[in-house]
Amino acid sequence: MGWRVRKWIGALGFYLLIALLLLYAVFPFYWAVVSSLQSGSALFTVEFIPRDPAWQNYVTVFQEQPFGRNILNSFAVSLATVAISLTLAVTAAYAFGRVEFRGRRPLLLSVLAVSMFPQVAVLSGMFELISALGLYNNLFGLTLSYLIMTLPFTVWVLTTFMRELPRELEEAAMVDGATPWQILTRIFLPLMGPALVSTGLLAFIVAWNEFLFALTFTLTSEMRTVPVAIALISGASAYELPWGNIMAASVTVTVPLVLLVLVFQRKIVAGLTAGAIKG
Amino acid sequence: MAGDPQTRPARLKGTARELTPLTRLRARSAWLFAAPMLVILALVAGWPLLRTIYFSFTDALLSELGAYGFVGLHNYALLLDDPIWWQAVRNTLAFTAASVSLELVLGLVIALTLNAHLRGRGLMRAAVLIPWAIPTVVSAKMWQWMYNDIYGVINHLLLGLGLIAEPWAWTADPGLALAAVVAVDVWKTTPFVALLALAALQLVPGELYEAARVDGVHPTRVFFRITLPLITPALMVAVIFRTLDALRIFDLVYVLTANSPDTITMSVYARQHLVDFQDVGYGSAASTLLFFVIALVTALFITLGRVKLTPGAR
Chain A
1 MGWRVRKWIG ALGFYLLIAL LLLYAVFPFY WAVVSSLQSG SALFTVEFIP RDPAWQNYVT
61 VFQEQPFGRN ILNSFAVSLA TVAISLTLAV TAAYAFGRVE FRGRRPLLLS VLAVSMFPQV
121 AVLSGMFELI SALGLYNNLF GLTLSYLIMT LPFTVWVLTT FMRELPRELE EAAMVDGATP
181 WQILTRIFLP LMGPALVSTG LLAFIVAWNE FLFALTFTLT SEMRTVPVAI ALISGASAYE
241 LPWGNIMAAS VTVTVPLVLL VLVFQRKIVA GLTAGAIKG
Chain B
1 MAGDPQTRPA RLKGTARELT PLTRLRARSA WLFAAPMLVI LALVAGWPLL RTIYFSFTDA
61 LLSELGAYGF VGLHNYALLL DDPIWWQAVR NTLAFTAASV SLELVLGLVI ALTLNAHLRG
121 RGLMRAAVLI PWAIPTVVSA KMWQWMYNDI YGVINHLLLG LGLIAEPWAW TADPGLALAA
181 VVAVDVWKTT PFVALLALAA LQLVPGELYE AARVDGVHPT RVFFRITLPL ITPALMVAVI
241 FRTLDALRIF DLVYVLTANS PDTITMSVYA RQHLVDFQDV GYGSAASTLL FFVIALVTAL
301 FITLGRVKLT PGAR
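So the sequences go chain by chain: A and B. So in the working numbering, the last spot in the first sequence is 279, and the numbers never skip. So in the working numbering, the last spot in the second sequence is 314, and the numbers never skip.
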């Protein structure tokens, strides 16, 4: 065999591999869309392109449970989590990234250590805390508990970004007598826009996807967030799950997220890799 | 690790106007700036963790968290005696080893593909990001439907291709269930590994490849001798993140196979006792053990990883 043929076969194998990987990545979501458009008995026959697409499932999923309310809950909790995390993290990042003070290193390491906590390891203590504060079955309670997952990495990534800002800016402001607070809010904050968007998006996705706390700290279906609502959709019996409804709900909450990720691809990648690779 | 902020503070020292009072003032304001975050983190992380460890020595019940008595190490003794707990430990370790190694290999393949200047690579990057963006519970449900033994598309395809003779019960068969969970986890989190690997690949200087090509070095050799050693620090970071995540996996397993002993992990086991059986003391003991297992693995990674990583990282 000539090298030309060998090269051609190699390229063919390579593209086959890519095609397989693409299929593995995309097919499950495609299948959820297809299934969500089939109602009644059509759902139980395999059709790769629905012959008779119907929106019925999208209507019933909102009728049979407070799914609209669940989406609003998820939005409220995720946005509140992002706002609180970024506010707390950006001030802390100024201290960690710009000032040398005693105890800085151990403190930063303990913040990072929190990101390795398994959620279940704080579950009983968190349940007690949330009950004591009267926040059981309450969206504020969820928001509070989500900070354990979002604060460590927002602090870490924002500290990395803050460290990279030119120090001449800060020195000039200090000569003019600016206080640290003014330096942070007037000089650094406007420069942190991209970093805040990256970390904010990641925190939003973490809060939007969270399941264990939302499952444990809410009781009524009106207080549930989207992941819990979807996990608990049930049919007449355990063996008759309404798959059409479940897929419609899944597609409804995933489409905005997929669009968000595709639009902000670069920002998200920057946020994900900032803490790990930069330096 | 390659980019820890704590090793590179923005130094303002050494400038002429950095006098001691100013430094002290800055240090004081630094504490003020960090305080709100530290207080909240202590409240939502430190305190609950201490309470969990404390509860593990008691017989507290979820319905009445206020009334409990001390039982010493009784919960731990029961735990180490429960074959289901050991099953959970084995499942968790097997799940972690299988999913992290598959994610590493696949992630590397995807990263290399994305890094090659091929047509349609933007499309491919977008495509691999889709699984990452889908909430875990949603992906579990999507796969559960595809795995369905009677109506599932996977059985339909495999039967149609003649690869299996009769439908397989993917999530119910003890021999298949854990593998089924691994397949979903790999699908969901490989993009994360691929993105970290891609970022590292893009930092490898092009001149190195150029020089290797001029010298006529075989591409496979280039990969193992040049590319892989240079991106190993970044891959280690990805492996650490993924391992810690895999050891505490909960939602995927819980939604896909509930509390089935075939796939039960340490987190699922702990939650089952804490919430379903209301046994806060016993569940807290399981949670505490999981916490220390993860702390141990982290410590191992840091001590073993540091030694090898530092020279290549900078």
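Check before you lean on any hint, since a few could be wrong.
Claimed, not checked - To give a feel for the contact side, a few chain A residues facing chain B, derived at Cβ under 10 Å:
no.: 1; residue: Phe75
no.: 2; residue: Ala76
no.: 3; residue: Thr220
no.: 4; residue: Val226
no.: 5; residue: Ile268
If you are wondering where the hints come from, they were derived from the structure by calculation, not from laboratory data. We put the beta carbon where it would ideally sit given N, CA and C, even for glycine.
Structure-based check of all given hints:
Taken as an interface hint, Phe75 of chain A does not check out: its beta carbon lies about 14 Å from the nearest beta carbon of chain B, beyond 10 Å. The criterion of a C-beta within 10 Å of any C-beta in chain B is not met by Ala76 of chain A, whose closest approach is roughly 17 Å, and the hint is violated. This hint is violated: Thr220 of chain A has a C-beta 16 Å from the nearest C-beta of chain B, more than the 10 Å allowed. Against a cut-off of 10 Å between C-beta atoms, the interface hint on Val226 of chain A holds, since the closest Cβ of chain B lies about 7 Å away.
Here the hint on Ile268 of chain A is kept, as its CB sits about 8 Å from the closest CB of chain B, short of 10 Å.
Figure legend: structure checked against the earlier numbered hints; hints not met, in rising order: 1, 2 and 3.
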